[in-house]
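Going down the list, the sequences are from chains A and Z. Its first residue numbered 1, the first sequence is counted upward by one per residue in the working numbering. Its first residue numbered 1, the second sequence is counted upward by one per residue in the working numbering.
Since the hints were made in silico from the structure, they are not lab data. Watch out, some of these pointers could steer you wrong.
[As the list claims (entries may be wrong)] Far from chain Z, by Cβ distances over 12 angstroms, these chain A residues were calculated:
1) Arg22
2) Glu37
3) Gly89
4) Ile94
5) Val96
6) Gln99
7) Ala100
8) Arg107
9) Glu144
10) Gln198
11) Arg220
12) Met248
13) Leu264
[What the hints assert, rightly or not] Derived CB-CB ranges, DEER-like:
14) Glu123/A to Leu10/Z: 54 to 64 angstroms
15) Asn136/A to Ile228/Z: 54 to 64 angstroms
16) Asp45/A to Cys169/Z: 31 to 41 angstroms
17) Asp182/A to Val105/Z: 47 to 57 angstroms
18) Pro14/Z to Glu123/A: 57 to 67 angstroms
19) Glu37/A to Arg164/Z: 57 to 67 angstroms
20) Glu150/Z to Glu37/A: 25 to 35 angstroms
21) Pro107/Z to Ser58/A: 46 to 56 angstroms
22) Leu10/Z to Arg195/A: 50 to 60 angstroms
23) Pro14/Z to Leu191/A: 54 to 64 angstroms
24) Glu86/A to Tyr238/Z: 54 to 64 angstroms
25) Asn136/A to Glu242/Z: 51 to 61 angstroms
26) Gly121/A to Val105/Z: 43 to 53 angstroms
27) Val19/Z to Ala180/A: 50 to 60 angstroms
Since this is a predicted model, take the numbers as computed values, not measurements. Glycine residues also receive a C-beta, built at the ideal position from the N, C-alpha and C atoms.
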Amino acid sequence: MLRAHEPIAGAPATTGAIEVRRVTKLFASRNGSAGVEALRDVDVDIRPGQFVAFVGPSGCGKSTLLKLIGGLLDPTAGRITVGGSEVAGPRRDIGVMFQAPVLFPWRTVLENVLLPIEVFGLERRAATEKARQILNLVGLAGRERAYPRELSGGMQQRAALSRVLVIDPPIILMDEPFGALDEFTRERMNLEILRIWQEGRQTIVFVTHSIAEAVFLADRVVVMGTAPGRVLAVIDVPLPRPRSIDLMKSPEFAATVFEVREYLGVAR
Amino acid sequence: MSKLRDHPGLVLSPLSFVVVLVLWEGVSRAGWVAPIVLPPPSRVWDGLVILFTASWFPQHVWLTTAETLIGFVIGGVTAILLAIVMVNVRLFKEVVYPYVVAFQVMPKVVLAPIFITWFGFGMESKIVMAIAISFFPVVINTVVGLESVEENASLLMRSLVASRRQIFCKLAWPTALPSIFAGLKTSLTLALIGALVAEFVTAKEGLGTLITTFSFELKVYLVFAVIIVVSVLGLVLYGLMEYLDRKVVFWRRSHFTG
Ligand SMILES: Nc1ncnc2c1ncn2[C@@H]1O[C@H](COP(=O)(O)OP(=O)(O)OP(=O)(O)O)[C@@H](O)[C@H]1O
Ligand SMILES: [Mg+2]
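So that you can see chain A by itself, here it is in the shape it has in the complex (with noise of 0.2 angstroms):
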């Protein structure tokens, strides 16, 4: 059910790879005196099914970056292809996640999540089976008909990404999806990503503010540094999978953090 690489209609068949090349962007400020350099120089590359996070102080351009990446945002200089093609505008082929749940109060757990099936245009009655399903799969069973308000932050955040897991989307970018969320929460949360991605092999980009994070969930974790947005380290995570939260006692992890923790030191 969650397979990644079923081509979706309209969208073109992917890969999943991610190429970032040199991209700057600059956001020009209102009263016309200097702009903002948000990214200078950005190279990333990430491999089709790979888990790829992002970590950096408040404003280093990770949110930037992340739109840059979905075609929600124009680089000012630079190159981004995503499966062989140049993103020039939003793509169906990749799901987005917000750091808020941004689910319609008007609508139902359910009909949220059937949202881009109906922008799509696809058939209803079937996705109406598989959203069940997903449903089912976060934990939110029995809810469908609930509304929004009336489910907790941690639910309401399954929702959302029920609402990116209904249409199989190869790729899929989450910015700080559960940073809002208590900490026993959010770690129930980043084992559910994790089973779900070792389901489906999507190609996921995680925006975090925690370093711990970052490593437990991650095959590469990229350091970013502020002022300007910039990629301070890309550090490949030596962790064996499928993981546990166990793993966290590791040594391995504790010198992955620390490894990260130095180079953002470096940063300030």
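Given chain A, put chain Z with the ligands in place with the hints provided.
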């Protein structure tokens, strides 16, 4: 019982009403105020009985109600359409919006005599007045509502490569509904005011006409009775809108907690 102790207003509010009525009746009977200036409640009650037993009364109520509702519907619908065009066509909004704000600020009742001149003594001039007065709050509330779409929500729709039409129908319109209904509720009350004011100026029928006629005839108790009918009419119309609002905008926060 404990509920009453927590909210003494539940008892005190109706009680104070009764006290005022009794005092008012007493003052009037004692002859401290001439009944022709301030008729006692019992006399106003007689007036109400007269109105509701008179064969000519219902048509006045219907006429004012019809003027109000027709004006409200025409004004509301065109206001919403105008707002939709303004939000979607930037240049149009830049040209027109300043005028909308200017008209919003202007006290529209000054237009009543002109409307009578233009549209005659009949129902039409009252409807136009109701439109004029109920139009602008809806325009402004619709524009504000349509523009209050959250950044993340529109990013979500864009990430799905939604068409403009889909973004409007699935996101902007529902987002705007609470604000639109707030405007419509204000507008319906204003439409009633518009119809009545136009009737005050000149009309052959309608509740506003009854008020002016009875005042000239010094039948103050009947004036009071019509005022009560008008107030109840206003309350009923507002209640209907409130009901519609709760049904349509069922997700609004206050409705869940309220
Ligand atoms: N639309 C915009 N217009 C102007 N400047 C912007 C815009 N979006 C981002 N910026 C600027 O670009 C820089 C990077 O912002 P971005 O949101 O990408 O940071 P971030 O790494 O996601 O931070 P955080 O961790 O706080 O979310 C910041 O200096 C920000 O002020
Ligand atoms: Mg961010």
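Against the structure, the hints come out as follows:
1. Every CB of chain Z lies more than 12 angstroms from the CB of Arg22/A, the least distance being 24 angstroms, so the non-interface label holds.
2. With a least beta-carbon separation of about 22 angstroms from chain Z, Glu37/A lies farther than 12 angstroms from that chain, consistent with its non-interface assignment.
3. Remark: the non-interface label on Gly89/A conflicts with the geometry, its nearest Cβ contact in chain Z lying 8 angstroms away (cut-off 12 angstroms).
4. For Ile94/A, the shortest C-beta to C-beta distance to chain Z comes to about 7 angstroms, within the 12 angstroms cut-off, and the non-interface label is violated.
5. The non-interface label for Val96/A is inconsistent with chain Z: the shortest C-beta to C-beta separation is roughly 4 angstroms, within 12 angstroms.
6. Distance check for Gln99/A against chain Z: the nearest CB is about 8 angstroms away, which does not clear 12 angstroms, and the non-interface claim fails.
7. Its beta-carbon lying about 6 angstroms from the closest one in chain Z, Ala100/A breaks the requirement of being farther than 12 angstroms from that chain.
8. Not every C-beta of chain Z lies more than 12 angstroms from that of Arg107/A, the closest at about 9 angstroms, which undercuts listing it as non-interface.
9. Consistency note on Glu144/A: stated as away from chain Z, and its beta-carbon is indeed over 12 angstroms from all of that chain's, at 17 angstroms minimum.
10. Taking the minimum C-beta to C-beta distance to chain Z, about 25 angstroms, the non-interface status of Gln198/A holds against the 12 angstroms cut.
11. Distance to chain Z confirms Arg220/A as a non-interface residue, since its nearest Cβ pair spans about 24 angstroms, more than 12 angstroms.
12. The Cβ of Met248/A lies farther than 12 angstroms from every Cβ of chain Z, with a closest approach of about 31 angstroms, so its non-interface assignment holds.
13. Against chain Z, the non-interface label of Leu264/A holds: every CB pair exceeds 12 angstroms, the least being about 27 angstroms.
14. Here the CB-CB span from Glu123/A to Leu10/Z is close to 55 angstroms, well matched to the stated 54 to 64 angstroms.
15. In this structure the supplied range 54 to 64 angstroms holds for Asn136/A paired with Ile228/Z, their Cβ-Cβ distance being about 59 angstroms.
16. Checked against the hint of 31 to 41 angstroms, the C-beta distance between Asp45/A and Cys169/Z comes to roughly 40 angstroms, which is consistent with it.
17. Under the hint 47 to 57 angstroms, the C-beta atoms of Asp182/A and Val105/Z, about 49 angstroms apart, fit the expected range.
18. Between Pro14/Z and Glu123/A the CB atoms are about 59 angstroms apart, so this pair conforms to the stated range of 57 to 67 angstroms.
19. A beta carbon spacing of about 32 angstroms between Glu37/A and Arg164/Z contradicts the range 57 to 67 angstroms that was offered as a hint.
20. With their beta carbons about 27 angstroms apart, Glu150/Z and Glu37/A fall inside the hinted range of 25 to 35 angstroms.
21. In this structure, Pro107/Z and Ser58/A meet the distance hint of 46 to 56 angstroms, their C-beta atoms being roughly 50 angstroms apart.
22. Taking the beta carbon of each, Leu10/Z and Arg195/A are about 55 angstroms apart, inside 50 to 60 angstroms as hinted.
23. Between Pro14/Z and Leu191/A the Cβ separation comes to about 59 angstroms, which falls inside the hinted range of 54 to 64 angstroms.
24. The supplied range of 54 to 64 angstroms is met by Glu86/A and Tyr238/Z, whose beta-carbon atoms lie about 57 angstroms from each other.
25. Distance hint for Asn136/A and Glu242/Z: a CB-CB separation of about 40 angstroms, inconsistent with the stated range 51 to 61 angstroms.
26. As the Cβ distance of Gly121/A to Val105/Z is approximately 45 angstroms, the hint placing it in 43 to 53 angstroms holds.
27. A hinted range of 50 to 60 angstroms holds for the C-beta pair Val19/Z and Ala180/A, which are about 54 angstroms apart.
Figure legend: structure checked against the earlier numbered hints; hints not met, in rising order: 3, 4, 5, 6, 7, 8, 19, 25.
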